[in-house]
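Participant: Listed below, chain by chain, are the residues.
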Amino acid sequence: EAGVAQSPRYKIIEKRQSVAFWCNPISGHATLYWYQQILGQGPKLLIQFQNNGVVDDSQLPKDRFSAERLKGVDSTLKIQPAKLEDSAVYLCASSLGGGRGTDTQYFGPGTRLTVL
Amino acid sequence: AQSVSQHNHHVILSEAASLELGCNYSYGGTVNLFWYVQYPGQHLQLLLKYFSGDPLVKGIKGFEAEFIKSKFSFNLRKPSVQWSDTAEYFCAVNRRNTGFQKLVFGTGTRLLVSP
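Taken in order, these protein sequences are the chains called A and L.
Here the first sequence is numbered in the working numbering, starting from 487 and rising by one per residue.
Here the second sequence is numbered in the working numbering, starting from 3 and rising by one per residue.
Hint data in this document are derived by calculation from the structure and do not stem from the laboratory.
A portion of the hints provided could be inaccurate.
[Claimed, not checked] Straight line, CA to CA, 27 Å or less: simulated DSS-like cross-link-like pairs of lysine-lysine:
hint, chain 1, residue 1, chain 2, residue 2
1, A, K564, L, K104
2, L, K60, A, K557
3, L, K60, L, K73
4, L, K104, A, K548
5, L, K60, A, K497
[Stated by the list, open to error] Distance windows between CB atoms, simulated:
hint, chain 1, residue 1, chain 2, residue 2, range
6, A, L525, L, G31, 29 to 35 Å
7, L, E66, A, L582, 36 to 42 Å
8, A, K564, L, T109, 26 to 32 Å
9, L, S72, A, D549, 41 to 47 Å
10, A, P494, L, G31, 22 to 28 Å
Bear in mind that the values here come from a model prediction, so they are computed numbers and not experimental data.
Positions of the beta carbon are idealized from the N, C-alpha and C atoms, including for glycine.
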């Protein structure tokens, strides 16, 4: 079974530039997650989609971050404009979405973003 | 708000030593508990999870974890570690029976096993 795919794997930009990350979840997985993992910390949920609807974006800095999941499959996460503190690994994960919080989440390799 | 504490940030062990990594959470309701692992150069992957029933849960590669409700703890154990267990380990918690499954992770414990 193919895993969660992400691209690019690495990105270096200057502050105030924009950047976009792409994620393709495991086929058939209804739930898609974007996490931010700052060095030395655990992953922090930014946004969660159930099919193509947002179910939680409470920790997404909406003045600069946006995400969409068109057609309930692929997703993109955008940062515009980037700040130095956005340097992190951005992880995408997916799960079947069976409810009750018991799903196993399958993670992609992540995109390491460096903002200079 | 939920929080997860992992007390040991770095652990160094020799092969065959026993391992116990601590995890405590702050939420008082019914929870689901997970341990995820990230081996060098690999993706985060599930090690084991607990929802209900026997509080001693067995996972892959000989790992187990015990849920102690009175202590809000879910410690990870392995009787005899191997060099291949070198990795970063994350404890995670979410609420059960809610409309969505926001997972809260601890800060992680880096384990180095020397041969």
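Participant: Hint by hint, note whether the structure agrees.
Facilitator: Against the structure, the hints come out as follows:
1. For a cut-off of 27 Å, the pair hint linking K564 (chain A) to K104 (chain L) stands: about 21 Å separates their Cα positions.
2. A threshold of 27 Å between alpha carbons decides the hint, and for K60 (chain L) with K557 (chain A) the separation of about 38 Å lies outside it, so the pair is violated.
3. Distance restraint check for K60 (chain L) and K73 (chain L): the Cα-Cα separation of roughly 20 Å lies within the 27 Å cut-off, and the hinted pair is therefore satisfied.
4. Between K104 (chain L) and K548 (chain A) the alpha-carbon distance is near 18 Å, which keeps this suggested pair within the 27 Å criterion.
5. Taking the CA atoms of K60 (chain L) and K497 (chain A), the gap is about 38 Å. The hint is violated against a cut of 27 Å.
6. Our hint of 29 to 35 Å for L525 (chain A) and G31 (chain L) holds, since their Cβ atoms are close to 31 Å apart.
7. In this structure the hint that E66 (chain L) and L582 (chain A) lie 36 to 42 Å apart at CB is violated, the actual value being about 25 Å.
8. Distance hint check for K564 (chain A) and T109 (chain L): the Cβ-Cβ separation is about 27 Å, which falls inside the suggested range of 26 to 32 Å.
9. For S72 (chain L) paired with D549 (chain A), a C-beta distance near 43 Å keeps the hint of 41 to 47 Å intact.
10. In this structure the hint that P494 (chain A) and G31 (chain L) lie 22 to 28 Å apart at CB is violated, the actual value being about 40 Å.
The structure shown violates the earlier hints numbered 2, 5, 7, 10.
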